[in-house]
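Novice: Go by the hints and put chain Z onto chain H.
Protein chains in written order, with numbering that gives the first Met the number 0: chain H, 0 to 427; chain Z, 0 to 398.
Each hint should be verified, as a subset may be incorrect.
As the list claims (entries may be wrong) - Looking from chain H toward chain Z, a few residues come up when the C-beta cut is under 7 Å (computed):
| hint | residue |
| --- | --- |
| 1 | V239 |
| 2 | E296 |
| 3 | L298 |
| 4 | A355 |
| 5 | G357 |
If you are wondering where the hints come from, they were derived from the structure by calculation, not from laboratory data.
Where a beta carbon is used, it is the ideal one built from N, C-alpha and C, also for glycine.
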Amino acid sequence: MAQFSATVYQNEFLPAGGTDVNAIVTVTCVGAGVAGQTGAGDAGEIIIIDTSGSMGDVRMEQAKQAAQAALAEIVDGTYFAVVSGNGAAFLAYPHVRSGPGMVRMNPQTRQEAARAIAMLTSGGGTAIGTWLDLAGKLFYSVPQVIQRHAILLTDGENNESPAVLDAAIRRATGVFQVDARGVGTDWRVDEVRRIATNLLGTVDIAPENAARMSEEFRSIMRSAMARGVAEAELRVWTPVGAQILFVRQVSPTVEDLTSRRRPVNELTGAYPTGAWADESRDYHVAVRLAAKAVGQEQLAARVQLVIHDQVQTQALVKAKWSDDHNLTAAIDEQVAHYTGQTELAAAIQEGLKAKALGDDATATAKLGRAVQLAQQTGNEEATAKLRKVVEVEDADAGTVRLKKAVDKADEMALDTASTKTTRIRKDG
Amino acid sequence: MSEDTTPVTYTPASSPCPTCGEPIAPDANFCESCGTQLGDVTEADAQADARAAQPSPDSGVLPISLPTFMLADNASAPPRRTCTECGGTIGPDLYCEQCGTKAPSERDHFREVPASWVAGVCDRGVRRRRNEDALALVASETPGERCVLIVMDGVSSSTDSDVASLAGARAARDRLATSIPRGLGTPESRESAVHQAITDAAEAAQAAIVAHTESASANPASATFTCVVLESEPEGPVAWVGNLGDSRAYWFPDVGEPLQLTRDDSAAEALIDAGAPREVAYGDHQSHAITAWLGRDSEDTQPRIRRHQITEDGWLLACSDGLWNYAVEVGDLAAALRATVAEAGGDPEAVALGLVTWACEQGGHDNVTVAVARVGAPVVVGETGADEENVTDERASEE
Numbered sequence: 000m001a002q003f004s005a006t007v008y009q010n011e012f013l014p015a016g017g018t019d020v021n022a023i024v025t026v027t028c029v030g031a032g033v034a035g036q037t038g039a040g041d042a043g044e045i046i047i048i049d050t051s052g053s054m055g056d057v058r059m060e061q062a063k064q065a066a067q068a069a070l071a072e073i074v075d076g077t078y079f080a081v082v083s084g085n086g087a088a089f090l091a092y093p094h095v096r097s098g099p100g101m102v103r104m105n106p107q108t109r110q111e112a113a114r115a116i117a118m119l120t121s122g123g124g125t126a127i128g129t130w131l132d133l134a135g136k137l138f139y140s141v142p143q144v145i146q147r148h149a150i151l152l153t154d155g156e157n158n159e160s161p162a163v164l165d166a167a168i169r170r171a172t173g174v175f176q177v178d179a180r181g182v183g184t185d186w187r188v189d190e191v192r193r194i195a196t197n198l199l200g201t202v203d204i205a206p207e208n209a210a211r212m213s214e215e216f217r218s219i220m221r222s223a224m225a226r227g228v229a230e231a232e233l234r235v236w237t238p239v240g241a242q243i244l245f246v247r248q249v250s251p252t253v254e255d256l257t258s259r260r261r262p263v264n265e266l267t268g269a270y271p272t273g274a275w276a277d278e279s280r281d282y283h284v285a286v287r288l289a290a291k292a293v294g295q296e297q298l299a300a301r302v303q304l305v306i307h308d309q310v311q312t313q314a315l316v317k318a319k320w321s322d323d324h325n326l327t328a329a330i331d332e333q334v335a336h337y338t339g340q341t342e343l344a345a346a347i348q349e350g351l352k353a354k355a356l357g358d359d360a361t362a363t364a365k366l367g368r369a370v371q372l373a374q375q376t377g378n379e380e381a382t383a384k385l386r387k388v389v390e391v392e393d394a395d396a397g398t399v400r401l402k403k404a405v406d407k408a409d410e411m412a413l414d415t416a417s418t419k420t421t422r423i424r425k426d427g
Numbered sequence: 000m001s002e003d004t005t006p007v008t009y010t011p012a013s014s015p016c017p018t019c020g021e022p023i024a025p026d027a028n029f030c031e032s033c034g035t036q037l038g039d040v041t042e043a044d045a046q047a048d049a050r051a052a053q054p055s056p057d058s059g060v061l062p063i064s065l066p067t068f069m070l071a072d073n074a075s076a077p078p079r080r081t082c083t084e085c086g087g088t089i090g091p092d093l094y095c096e097q098c099g100t101k102a103p104s105e106r107d108h109f110r111e112v113p114a115s116w117v118a119g120v121c122d123r124g125v126r127r128r129r130n131e132d133a134l135a136l137v138a139s140e141t142p143g144e145r146c147v148l149i150v151m152d153g154v155s156s157s158t159d160s161d162v163a164s165l166a167g168a169r170a171a172r173d174r175l176a177t178s179i180p181r182g183l184g185t186p187e188s189r190e191s192a193v194h195q196a197i198t199d200a201a202e203a204a205q206a207a208i209v210a211h212t213e214s215a216s217a218n219p220a221s222a223t224f225t226c227v228v229l230e231s232e233p234e235g236p237v238a239w240v241g242n243l244g245d246s247r248a249y250w251f252p253d254v255g256e257p258l259q260l261t262r263d264d265s266a267a268e269a270l271i272d273a274g275a276p277r278e279v280a281y282g283d284h285q286s287h288a289i290t291a292w293l294g295r296d297s298e299d300t301q302p303r304i305r306r307h308q309i310t311e312d313g314w315l316l317a318c319s320d321g322l323w324n325y326a327v328e329v330g331d332l333a334a335a336l337r338a339t340v341a342e343a344g345g346d347p348e349a350v351a352l353g354l355v356t357w358a359c360e361q362g363g364h365d366n367v368t369v370a371v372a373r374v375g376a377p378v379v380v381g382e383t384g385a386d387e388e389n390v391t392d393e394r395a396s397e398e
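Chain H extracted, bound-state conformation (with noise of 0.2 Å):
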């Protein structure tokens, strides 16, 4: 049986007219088992393969091989399917035309899935809200799969408009996770990051090797296959004339959730976190209140993790209004660093986004900024992805120029890593 923790980094202290209180609560789950197997329901898993014309022979036979890897980690009893996409989606197994469209595996669904990868071939455009619409009836036609999670590869710009593609998404949303994967540099890493971000999945760009992007998809439905939790929210109470700010998860990405708030009751938001393997995320919640006197205390937010309606875990966020300069000067180390985060998310955004368009000016210094705050808070991976498309003068002062000429699978892999955190050690 899963357990959930939940601790708060904050300083509860504000001063005289203080009334924005932050606070970092990071929430832990250990025993979370293995998906599908805790008899709280049966878990589904999607493979979705670009089958379009660009992606040739090269990359279609990696992407099968990928493809196989991550059938080979699907847990036996795991309800799957494997859905070829280009301009439109295909079940490529089971081979059914109705009924249900997923079954369980077991060596012989194996065996016959990996045929039927194997049997894949390229051709034709790329229309991914499609892929989603079909991985959704999938799921929907095996209902007492109730945790349903998809690995999508892709290697194209999406030949839909951006209108249809987003309510392909909307139709997903709370209905799947999707882990994302990107090959080569044709597609587009703010369409394939909505996806993921708007389906609780990662964003990432694939790279272009047989070995390695095997390793990449195994570890990816390895992690799938650890969430044994299906399905948990974020509970955000707060008090009566309360304002939250924003609530973000700010670890092992960045995600800003405070426009996903369904209400659960006047006081009280939950927020969606998706499924869960033993892991510990972080949570940035910002709340702003009326300011009380001084020497007074209440509580400014109940932070809980919430599965079917039961609290599993509470972290109280706290404010004390001081007049001891001491005590309300100090921001809370974690909140410092995950502010830091955050902004340098942003930084690299706006900083490729600028330079995209032409706006050297801007992407130097937004590039730059980023290059001090990855420094400052030692996001080391966000430095070395920086160092392949600017050059740094002073990393303290945040001075780069921008290189002449850049890779752009090395633009690509910076954007993709943008949202990715690092953590800081925690005392106490």
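Specialist: Structure of chain Z alone, referenced to chain H:
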């Protein structure tokens, strides 16, 4: 055996766990179930004593005051507390589920209402981190017959004075729970018996404070001591007052001059004795230093004792400096009391709470404790209040 030595019970201000009702281990500082801080390690003992002191049905003796809290042996769920700010429900995490206000712990805010005519409120105030004031009351069921008000103010610079002050107040109350012997019947022997009883009570408080002080403490717990004993004498009700430090007792007659019954053992009063004008003495930032107290480092535990014959209806009041700081002169406090009674009505608990609230509104820089006893006819509620309401209504209708 005279009536005056009838054994009595008193009301300890504790139920199992004040928050969740779970049983508490005898030496617990916190509730095992919900984590509520428990003010006093002796609470469970006091409760057991109280239970033992309950008269058996056929013993022929009755307590002069009945417990106002059920000494619950049953495990029935306690009523959930409501928020003092907004009336919302207090959650199991001890914060209001509506407005988030922290619910005071039982030590930070508690009330005693031993009878319909006597009540006290002991509160942390606004600024202090904990409540080091203490309060303990006894009262007969019959209004005006007999009551004891004990107020103690733990010194904030000393260690654990919150625990020590409450233990001291309860020990003193226990000592004064039974009527003081009449003596030989002469005023002199009666006076000497009362002096002995109040001195004994102060010594009991002193012993309790010392017992709650770590032997190695460089900063031993200390507290003021003020007690008011109201007893019926042949000539009518008499208030006996004992005092050490700067907690105070007053007599506020409904008609006539209000009277401060205690004199502070403080730097300010010492300055006045030396010839300084009152305003100068009380304006000095050192004026709050006290010159007598209870505690291991006390030099003199003999309280100053005074007798006051009561001839009118009125209010007896004992308080810590958390209240009188905002009304140093007796007339100012009388005005605050009048305003409180006009607003809150004549119920003693409402009056005590009203004065505590008033002190908090003035800034609440210190812990605030107020104990009151209504002597004579109860204040009739509603006359002035109703008039004011009518006035408001008329104004509203004119608009």
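Novice: If a hint holds in the structure, say so; if it doesn't, say that too.
Specialist: These are the hints, each one checked on the structure:
{"no.": "1", "hint": "V239", "in the structure": "holds, 5 Å"}
{"no.": "2", "hint": "E296", "in the structure": "holds, 5 Å"}
{"no.": "3", "hint": "L298", "in the structure": "holds, 4 Å"}
{"no.": "4", "hint": "A355", "in the structure": "violated, 46 Å"}
{"no.": "5", "hint": "G357", "in the structure": "violated, 50 Å"}
Hints 4 and 5 from the earlier list are contradicted by this structure; the remaining hints agree with it.
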